[in-house]
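2 protein chains.
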Amino acid sequence: MLTYTLDNDNGKSLYIQLYEKIKADIINGELKKDERLPSKRAFAKNLGISVITVENAYSQLISEGYIYSVPKSGYFVSAIYAPFPSEKKDGNKQIYSSTHKIYKYNFASNGVRASNFPFSVWKKMLKVAFENPKEVMLPSDAGGINELRQALCKHLKEYRNMSVSPEQIIIGAGTEYLYSLIIQLLGFDKVYATENPGYGKISDIYSANGVKCVFVDTDGDGMRTDRLYESSAQIAHLSPSHHFPTGTVMSISRRYEMLNWASEDKSRYIIEDDYDSEFRFTGKPLPALQSIDGEGKVIYINTFTKSLSPAIRISYMVLPERMVEQFYKKLGFYSNTVSNFEQLTLALFIDEGYFEKHINRMRNYYKRIRNSLLSEIKNSRLSDKLSVLEEEAGLHFLVKVETDISDAELVKRAEKNGVKISCLSEYYRRNKKNAPKHIVIMNYSAIAKEDIAPAIKALDKCLED
Amino acid sequence: MLTYTLDNDNGKSLYIQLYEKIKADIINGELKKDERLPSKRAFAKNLGISVITVENAYSQLISEGYIYSVPKSGYFVSAIYAPFPSEKKDGNKQIYSSTHKIYKYNFASNGVRASNFPFSVWKKMLKVAFENPKEVMLPSDAGGINELRQALCKHLKEYRNMSVSPEQIIIGAGTEYLYSLIIQLLGFDKVYATENPGYGKISDIYSANGVKCVFVDTDGDGMRTDRLYESSAQIAHLSPSHHFPTGTVMSISRRYEMLNWASEDKSRYIIEDDYDSEFRFTGKPLPALQSIDGEGKVIYINTFTKSLSPAIRISYMVLPERMVEQFYKKLGFYSNTVSNFEQLTLALFIDEGYFEKHINRMRNYYKRIRNSLLSEIKNSRLSDKLSVLEEEAGLHFLVKVETDISDAELVKRAEKNGVKISCLSEYYRRNKKNAPKHIVIMNYSAIAKEDIAPAIKALDKCLED
Chain A
12 MLTYTLDNDN GKSLYIQLYE KIKADIINGE LKKDERLPSK RAFAKNLGIS VITVENAYSQ
72 LISEGYIYSV PKSGYFVSAI YAPFPSEKKD GNKQIYSSTH KIYKYNFASN GVRASNFPFS
132 VWKKMLKVAF ENPKEVMLPS DAGGINELRQ ALCKHLKEYR NMSVSPEQII IGAGTEYLYS
192 LIIQLLGFDK VYATENPGYG KISDIYSANG VKCVFVDTDG DGMRTDRLYE SSAQIAHLSP
252 SHHFPTGTVM SISRRYEMLN WASEDKSRYI IEDDYDSEFR FTGKPLPALQ SIDGEGKVIY
312 INTFTKSLSP AIRISYMVLP ERMVEQFYKK LGFYSNTVSN FEQLTLALFI DEGYFEKHIN
372 RMRNYYKRIR NSLLSEIKNS RLSDKLSVLE EEAGLHFLVK VETDISDAEL VKRAEKNGVK
432 ISCLSEYYRR NKKNAPKHIV IMNYSAIAKE DIAPAIKALD KCLED
Chain B
12 MLTYTLDNDN GKSLYIQLYE KIKADIINGE LKKDERLPSK RAFAKNLGIS VITVENAYSQ
72 LISEGYIYSV PKSGYFVSAI YAPFPSEKKD GNKQIYSSTH KIYKYNFASN GVRASNFPFS
132 VWKKMLKVAF ENPKEVMLPS DAGGINELRQ ALCKHLKEYR NMSVSPEQII IGAGTEYLYS
192 LIIQLLGFDK VYATENPGYG KISDIYSANG VKCVFVDTDG DGMRTDRLYE SSAQIAHLSP
252 SHHFPTGTVM SISRRYEMLN WASEDKSRYI IEDDYDSEFR FTGKPLPALQ SIDGEGKVIY
312 INTFTKSLSP AIRISYMVLP ERMVEQFYKK LGFYSNTVSN FEQLTLALFI DEGYFEKHIN
372 RMRNYYKRIR NSLLSEIKNS RLSDKLSVLE EEAGLHFLVK VETDISDAEL VKRAEKNGVK
432 ISCLSEYYRR NKKNAPKHIV IMNYSAIAKE DIAPAIKALD KCLED
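Chains A and B are the protein sequences, given in the same order. Sequential numbering of the first sequence, starting at 12, is according to our numbering. Sequential numbering of the second sequence, starting at 12, is according to our numbering.
Since the hints were derived computationally from the structure, they do not count as laboratory data. It is possible that some hints are incorrect.
Put simply, identical chains are the same to the list, so a pair is met inside one copy or across any two.
[What the hints assert, rightly or not] In the BS3-like style, the derived pairs of lysine-lysine whose C-alpha atoms are separated by at most 25 Å in a straight line are:
no. : residue 1 : residue 2
1   : 431       : 460
2   : 341       : 443
3   : 423       : 340
4   : 472       : 396
5   : 168       : 23
Isolated chain A, as found in the complex (with noise of 0.2 Å):
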């Protein structure tokens, strides 16, 4: 008869002992399908142990299908699948990450410094939030909750002239989420087109998420209509106010140009990607495509993850009015991405004018972190070897380099001495051969000022040979 050694001491029930016991013979097929199994009784007997046990065990092996029982017949082995082999561990493996490498200057991260981060007024909203738990806890609608939506609607009023109602407005956790929603939206037979050169990120996200995606050269004025017009894309994923990487503001003219093609056929469809109009230096911010839209072709997106932090995962796009319907009837069965929490602490932290004021502060911070990097620049030794190109809007600036060193090699040579930094040509998708060279785009969004001297000293070295 079947036999088992089982240990009073090891911890586990003896009825999970003998459960796993059996299990184990039937999964390395030392009992065979339709194998009757010892009674109860024999079996407890035989081992020593109470009838209940046994009785506990088969149950347990019952529920879980590994033996039936067929009355007044007995117990026995079920039909099991012959089972694999476990997978091999490798000592050796590589771990996969996506981890960010840490430089110690990076002008390529367009981060954010955590010592910028609001944290003693975002954990008072955060309380505050959490006194309103029943609320909070309700599951949230698919565009998002009430209070975010009607706030980020007044904020949008002051800051950008935009009048728009909260069920416009889409919540989603980041912009990446919210092109795959848009996706949805529009459709997956759609080409879209994105700008070149441009943030590769975003052809990225339409490539992942199977649709043609094509890129359209862009000029002073932004992405070029004509070239759009040969092009066969439906929809036109622009960054209007400050384009990335090449620091260009759509001109008004452009704007116009870009409304009249999508008025053209019912298929066409504008993405006004805002990313960091919040930091725009001089003058008044050109008025939003979304503003001058009277059609209902633009679909604008913004982010906190500039604003705020990377680590606050919010961001919301604007349906156009008649889009809403559209939206609920396809996609409103979606549960919101980001979680009510979160959602109320934003709502507090904009409607009680935190946001504004770390706004100001923000801007008044970054002009002075650009202030010093372009002095630092002009003073620095090879000031006649940098010119900087680009300095209106946004939180990047370019900067002309006049050397013989390959952009890669010029890449290479800087990371050497500790500093990231990346140059325009690497962010064109095509004509590659005709992108412009020695660019070098300085993201100074994440770089602290007491760095700004070394690091531009060690930028130099890169020059010296």
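For chain A, the structure is supplied; the task is to place chain B on it using the hints.
Below, chain B alone, put in the same frame as chain A:
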């Protein structure tokens, strides 16, 4: 000459007023393309304002592209495409939202009662998370922060006997989001099989993502493998530990059949949705498919929506080891969708043992609710018309009602009496005609103890005539 009335007292600076008026005239066509604007000096004199005011207004208009200057010649109106008529605001327009209707007694909601959320401990952990601002403010890995991935590994080992490494774990803002990541990973060209009957949202998500979704019948052991073989599906989406809504637990032999099916073709995979496995009340839980999968064919998914709160949007998936590289190569560019604050808070919550305590507390709580509900049904006037069908696992059970009333009528009558219920037949996507009738799903996770008796009384009423 162009003349405008400017107002010293309207709160806006004179240059902004002038800028706005000229801009309005350009947009409405009063000022035409290439029309010459007055010289700064003459204009200033005409309007009785300073030259610098006109200069400021012109500068702003130039920077926005509305006008251009020709050196030594003057200022001219740019080519602006005709703007579009403003979108008409309809006073009586319908407000779209997915806001959940509030019912007096809701047996159709899989929500969680706010009062059960461990607020004080969560706040405590949040506070600790805030003490590590630098760490939290770093951009997180596409898969999530290490602390949480490690905490989940330990949790999965203890609760599900799953041996996985942190890099296999991918955190995401809700299972719905993770499904879309899986589609991006496995392919938009694949056919996805979901259970019939089943949780409708799953197929909604596949459809919204533009992939083909087929419905495969289930029996008492779970999804039928014979039907799966007949289908064209490569990916099987299963809830083996507790099928919704039938409550079926997939038998161990069916589990092996499923793994066998997956192993027969390179493109085949299984998505194991383990959504409420924490709340099994009798016996030991069955081994997760993931833990008996030797060929790396199972993607395991779980969520904290049920076990903590739907307000905390944290879910995770466990990739097969050999898929980790593929994930990072294809989707590693994504930012994680859960805020670092909440990730760290949850990691601490798990690490400090609070999650285990919470689960135990909730398990007892739900057991009491379930027992009250069952005894209330048994003691009700109409107990002979009701029989409970499935009460083994998870947070719902089924009640068979002896009645001639149609399911639709039953739901309607219940709603009139303030009770929201759903019937099993609603969850059939194919073979709807053969769907069992008069089986009510009792989701009790959102119901208060004191509401059980009146809710059952109200249900009784529906069957009176």
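Here is what the structure says about each hint:
| no. | hint | result |
| --- | --- | --- |
| 1 | 431 x 460 | within (16 Å within a copy, 60 Å between copies) |
| 2 | 341 x 443 | between (39 Å within a copy, 23 Å between copies) |
| 3 | 423 x 340 | between (51 Å within a copy, 23 Å between copies) |
| 4 | 472 x 396 | within (12 Å within a copy, 87 Å between copies) |
| 5 | 168 x 23 | between (65 Å within a copy, 16 Å between copies) |
Taken one by one, the earlier hints all hold for this structure without exception.
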